[in-house]
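> Residue numbers (my numbering), protein chains in the order written: chain A, 1 to 425; chain B, 1 to 263.
One or more hints might be untrue.
To be verified - Straight line, CA to CA, 20 Å or less: simulated SDA-like cross-link-like pairs of lysine to any residue: (1) A:Lys120 - B:Thr258; (2) B:Lys261 - A:Asp179; (3) B:Lys261 - A:Arg155; (4) A:Lys153 - B:Lys261; (5) A:Lys134 - A:Asp179; (6) B:Lys135 - B:Leu188; (7) A:Lys71 - B:Val178; (8) B:Lys261 - A:Met116; (9) A:Lys120 - B:Val85; (10) A:Lys153 - B:Val178; (11) B:Lys261 - A:Ser81; (12) A:Lys120 - B:Leu179; (13) A:Lys93 - A:Gly109; (14) A:Lys120 - B:Val178; (15) A:Lys120 - B:Lys261; (16) A:Lys71 - B:Lys135; (17) A:Lys71 - B:Asn161; (18) A:Lys83 - A:Asp44; (19) A:Lys120 - B:Lys135; (20) A:Lys134 - B:Lys261; (21) A:Lys127 - B:Leu179; (22) A:Lys127 - B:Ser174.
Please keep in mind that the hints were generated in silico from the structure rather than gathered at the bench.
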Amino acid sequence: MTTTESTDSSSSRTSGSGGEISGAEIRLEGVTKRYPGQKTAAVDGLSLTIPAGEIVMFVGPSGFGKTTSLKMINRLIEPSSGKITIGDQDVRKQSADELRRHVGYVIQGGSLFPHMTVAKNIAIVPKLLGWDAKRIDKRVEELLDLVNLDPGKYRDRYPRELSGGQQQRVGVARGLAADPPVILMDEPFGAVDPITRQRLQDELLSIQRSLGKTIVCVTHDIDEAIKLGDRILILQEGAQVAQYDAPATLLADPANDFVSDFVGSGSSLKQLTLSRVSEIDIHPATTGRVGEPAREAIERARSAGDDSLVILDSRDRPTAWVWLRQVQGETLHEGDRETLTTLDERATLNDALDTMLTSSHSAAIVTGDNDRYVGIVDFGAVVDHMRAIQNEAQDRESSKVTAESDPEDHHDENAPMDDSGSADE
Amino acid sequence: MSDLIPAAIKDRLAGDSEKTRAMGESILLALGVPLMVVLGFGAYAIWHETADLDSVEASALGWAEVWQAIGEHVQLTVVSAAVVVVIAVPLGILLTRPGFKRAAPAVVGFANAGQAAPSIGLIVLLAMWLGPGFKTTIVALTVYGLLPVLRNTITGLQGVNPTLVEAGRGVGLSNFDVLRRIELPLALPVIMAGVRTALVLLVGTAALATFINGGGLGGIITAGISLYRYSVMVSGAVLVALLALLVEWLGRVLELLTRPKGI
Numbered sequence: 001m002t003t004t005e006s007t008d009s010s011s012s013r014t015s016g017s018g019g020e021i022s023g024a025e026i027r028l029e030g031v032t033k034r035y036p037g038q039k040t041a042a043v044d045g046l047s048l049t050i051p052a053g054e055i056v057m058f059v060g061p062s063g064f065g066k067t068t069s070l071k072m073i074n075r076l077i078e079p080s081s082g083k084i085t086i087g088d089q090d091v092r093k094q095s096a097d098e099l100r101r102h103v104g105y106v107i108q109g110g111s112l113f114p115h116m117t118v119a120k121n122i123a124i125v126p127k128l129l130g131w132d133a134k135r136i137d138k139r140v141e142e143l144l145d146l147v148n149l150d151p152g153k154y155r156d157r158y159p160r161e162l163s164g165g166q167q168q169r170v171g172v173a174r175g176l177a178a179d180p181p182v183i184l185m186d187e188p189f190g191a192v193d194p195i196t197r198q199r200l201q202d203e204l205l206s207i208q209r210s211l212g213k214t215i216v217c218v219t220h221d222i223d224e225a226i227k228l229g230d231r232i233l234i235l236q237e238g239a240q241v242a243q244y245d246a247p248a249t250l251l252a253d254p255a256n257d258f259v260s261d262f263v264g265s266g267s268s269l270k271q272l273t274l275s276r277v278s279e280i281d282i283h284p285a286t287t288g289r290v291g292e293p294a295r296e297a298i299e300r301a302r303s304a305g306d307d308s309l310v311i312l313d314s315r316d317r318p319t320a321w322v323w324l325r326q327v328q329g330e331t332l333h334e335g336d337r338e339t340l341t342t343l344d345e346r347a348t349l350n351d352a353l354d355t356m357l358t359s360s361h362s363a364a365i366v367t368g369d370n371d372r373y374v375g376i377v378d379f380g381a382v383v384d385h386m387r388a389i390q391n392e393a394q395d396r397e398s399s400k401v402t403a404e405s406d407p408e409d410h411h412d413e414n415a416p417m418d419d420s421g422s423a424d425e
Numbered sequence: 001m002s003d004l005i006p007a008a009i010k011d012r013l014a015g016d017s018e019k020t021r022a023m024g025e026s027i028l029l030a031l032g033v034p035l036m037v038v039l040g041f042g043a044y045a046i047w048h049e050t051a052d053l054d055s056v057e058a059s060a061l062g063w064a065e066v067w068q069a070i071g072e073h074v075q076l077t078v079v080s081a082a083v084v085v086v087i088a089v090p091l092g093i094l095l096t097r098p099g100f101k102r103a104a105p106a107v108v109g110f111a112n113a114g115q116a117a118p119s120i121g122l123i124v125l126l127a128m129w130l131g132p133g134f135k136t137t138i139v140a141l142t143v144y145g146l147l148p149v150l151r152n153t154i155t156g157l158q159g160v161n162p163t164l165v166e167a168g169r170g171v172g173l174s175n176f177d178v179l180r181r182i183e184l185p186l187a188l189p190v191i192m193a194g195v196r197t198a199l200v201l202l203v204g205t206a207a208l209a210t211f212i213n214g215g216g217l218g219g220i221i222t223a224g225i226s227l228y229r230y231s232v233m234v235s236g237a238v239l240v241a242l243l244a245l246l247v248e249w250l251g252r253v254l255e256l257l258t259r260p261k262g263i
């Protein structure tokens, strides 16, 4: 019963992917890390398969070996024993430097080199790989575009001239620079404010949708793990696997008390984290093009009964959301995309509520692949969706109470549903 | 979003005021010190031309002698500073590498002793061992100037954010590349501050070179003392002071010029 639920939500994730899988499978077999002078191993016999093209989140309290496990994949930490393969190749068969040039690495805050420009920071690995200058230039441009930074404006800036979120974007671009099949991320969005974090997460999902890399990401934030992960690995002491499952399974069927404590079952907000914006009612708003005569656009909006207008650029990306009375001048002007908060289709309802609360429109613009405009969502749509889920749950509940046969089944199904029920009251 | 905007503005304002302050400082630095040195030297030249000097004073302060002394002094300072950099920077790098880290306190202690020993004693003792002359002076000055550069190289390299070093290793830079492209550029301002300190120490200490026949402006001062000519002694002292100011200024300019952009 619970499995139907999990496959539902996971298939809705993969169905969104437009790109092909370019990632490689990572396999850990009995990987152990023992530091000299320490009684217990930091990581003890960890075995794990990370399927190609998936995002796998390593979660767990600090000190339980998640970062150690991650760093053993690119040999920043050498395992004491065990075997790690990337795409069937043993990582120990090549030099560590060579290996790392083919494994993207993204760390908290971006960790950009402060004395290098944005372009140089991104170009560092392609340069090591001996790409020619023209190819590097083109790649830098491409990547800045991918992480939503205007190349003309940012390529020659120094890291300290960027905001935290922008630095993190450049950090992601640097990780992607040489188009590695595998990307390792260590608390990538830990150092930015919540709204920026949500946006960066959305962007990562959008990038992943088109690139299909294998991404291993360490986080201490279970909400981030649920949002980003195709699978979540929860580690308990000594990097022992507490559970390794899809987010929905994890929430519905925690393997033990440690997991259920850590996941924090009992919070109906988790349900909001499991549902995606794409699952709720996205409705169209009136849109205008940058450079289009303002009057035409206003008339179009009025006749559609809208009092605001979403202005799109030539690539269908929303740049501004203005009230009709705010529109000035003959033609529509391009807004600043960086200050406009949008929601990715794959953003969670949790994010959607966050975004709406900070928006003067009490709604949010939804974007799809390459930041293309999709439509807008409002509070009503979220509430309707939540109500539908609750009704469904209650229906199932009541039918089960009358049928009541398998107590274990009852328990399984019940866990997350109880919460949504109590939220109603 | 509204709470992001004031932060951004605040940031920009802070950046601006910082920039203008730094600019004001560098203008003062760029023009103030050399102007002072030029004025001081001009005043000295006017005094030299107009003062009523007896034959002893005139021969001790002849322009040819003075310029030669200045030339020797500059040579002593620059050569010893170069030797200091060539020894102290690689040594500092070595002492921050794993495996050699443990030797750092001992080596820094040795350099400390070199500097703590009275410079005149160091120079005379070395001359007794190696014989007087230019080369011995350079050796003595090098021992004396080693500490600031060595200490600052170590401090500068230790001060590089370890996350950045790991980021460098993580993207596939070799240990040597991390050192060359990340650690050294980031430590450079601190290292250069050490070089400037060493230059100032050396230009002052080079005045003692004359005791072991090493040349320099110290000769004019000692000549003034032994000839009982107050004017000669003060001339030597003033010239050393002006040269020290100039060298300190050059050190600062060097520091600004070598500072990597972006930090």
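> Run every hint past the structure and note whether it holds.
Consistency of the hints with the structure:
At most 20 Å may separate the alpha-carbon atoms for a hinted pair to count; Lys120 of chain A and Thr258 of chain B meet this at roughly 19 Å. Distance restraint check for Lys261 of chain B and Asp179 of chain A: the Cα-Cα separation of roughly 28 Å exceeds the 20 Å cut-off, and the hinted pair is therefore not satisfied. Distance check on the hinted pair: Lys261 of chain B and Arg155 of chain A sit about 15 Å apart at the alpha-carbon level, within 20 Å; holds. Between Lys153 of chain A and Lys261 of chain B the CA atoms are separated by roughly 18 Å; this keeps the pair inside 20 Å, and the hint holds.
With a C-alpha separation of about 16 Å, the suggested pair Lys134 of chain A and Asp179 of chain A falls inside the 20 Å cut-off, and the hint holds. Distance restraint check for Lys135 of chain B and Leu188 of chain B: the Cα-Cα separation of roughly 29 Å exceeds the 20 Å cut-off, and the hinted pair is therefore not satisfied. Pair hint Lys71 of chain A plus Val178 of chain B holds up; C-alpha atoms about 18 Å apart against a cutoff of 20 Å. With a CA separation close to 8 Å, the supplied pair Lys261 of chain B and Met116 of chain A stays within the 20 Å bound.
At most 20 Å may separate the alpha-carbon atoms for a hinted pair to count; Lys120 of chain A and Val85 of chain B exceed this at roughly 29 Å. Annotation: proposed proximity of Lys153 of chain A to Val178 of chain B is violated, straight-line Cα distance about 28 Å (limit 20 Å). For the given pair, Lys261 of chain B sits about 44 Å from Ser81 of chain A by alpha-carbon distance, which is inconsistent with the 20 Å threshold. Distance hint between Lys120 of chain A and Leu179 of chain B is fulfilled; the C-alpha atoms sit about 17 Å from each other, no more than 20 Å.
For the suggested pair Lys93 of chain A and Gly109 of chain A, the alpha carbons sit about 31 Å apart, so the restraint of at most 20 Å is broken. Pair hint Lys120 of chain A plus Val178 of chain B holds up; C-alpha atoms about 15 Å apart against a cutoff of 20 Å. Between Lys120 of chain A and Lys261 of chain B the CA atoms are separated by roughly 13 Å; this keeps the pair inside 20 Å, and the hint holds. Distance restraint check for Lys71 of chain A and Lys135 of chain B: the Cα-Cα separation of roughly 53 Å exceeds the 20 Å cut-off, and the hinted pair is therefore not satisfied.
Distance check on the hinted pair: Lys71 of chain A and Asn161 of chain B sit about 18 Å apart at the alpha-carbon level, within 20 Å; holds. With a C-alpha separation of about 13 Å, the suggested pair Lys83 of chain A and Asp44 of chain A falls inside the 20 Å cut-off, and the hint holds. Proposed proximity of Lys120 of chain A and Lys135 of chain B is contradicted: the alpha carbons are some 45 Å apart, above 20 Å. With a C-alpha separation of about 24 Å, the suggested pair Lys134 of chain A and Lys261 of chain B falls outside the 20 Å cut-off, and the hint is violated.
Restraint check: the Cα-Cα separation between Lys127 of chain A and Leu179 of chain B comes to about 17 Å, which is no more than 20 Å; the hinted pair holds. Simply put, Lys127 of chain A and Ser174 of chain B have alpha-carbon atoms about 13 Å apart, close enough for the 20 Å limit, and the pair holds.
When each numbered hint is compared with the structure, violations occur for hints 2, 6, 9, 10, 11, 13, 16, 19 and 20.
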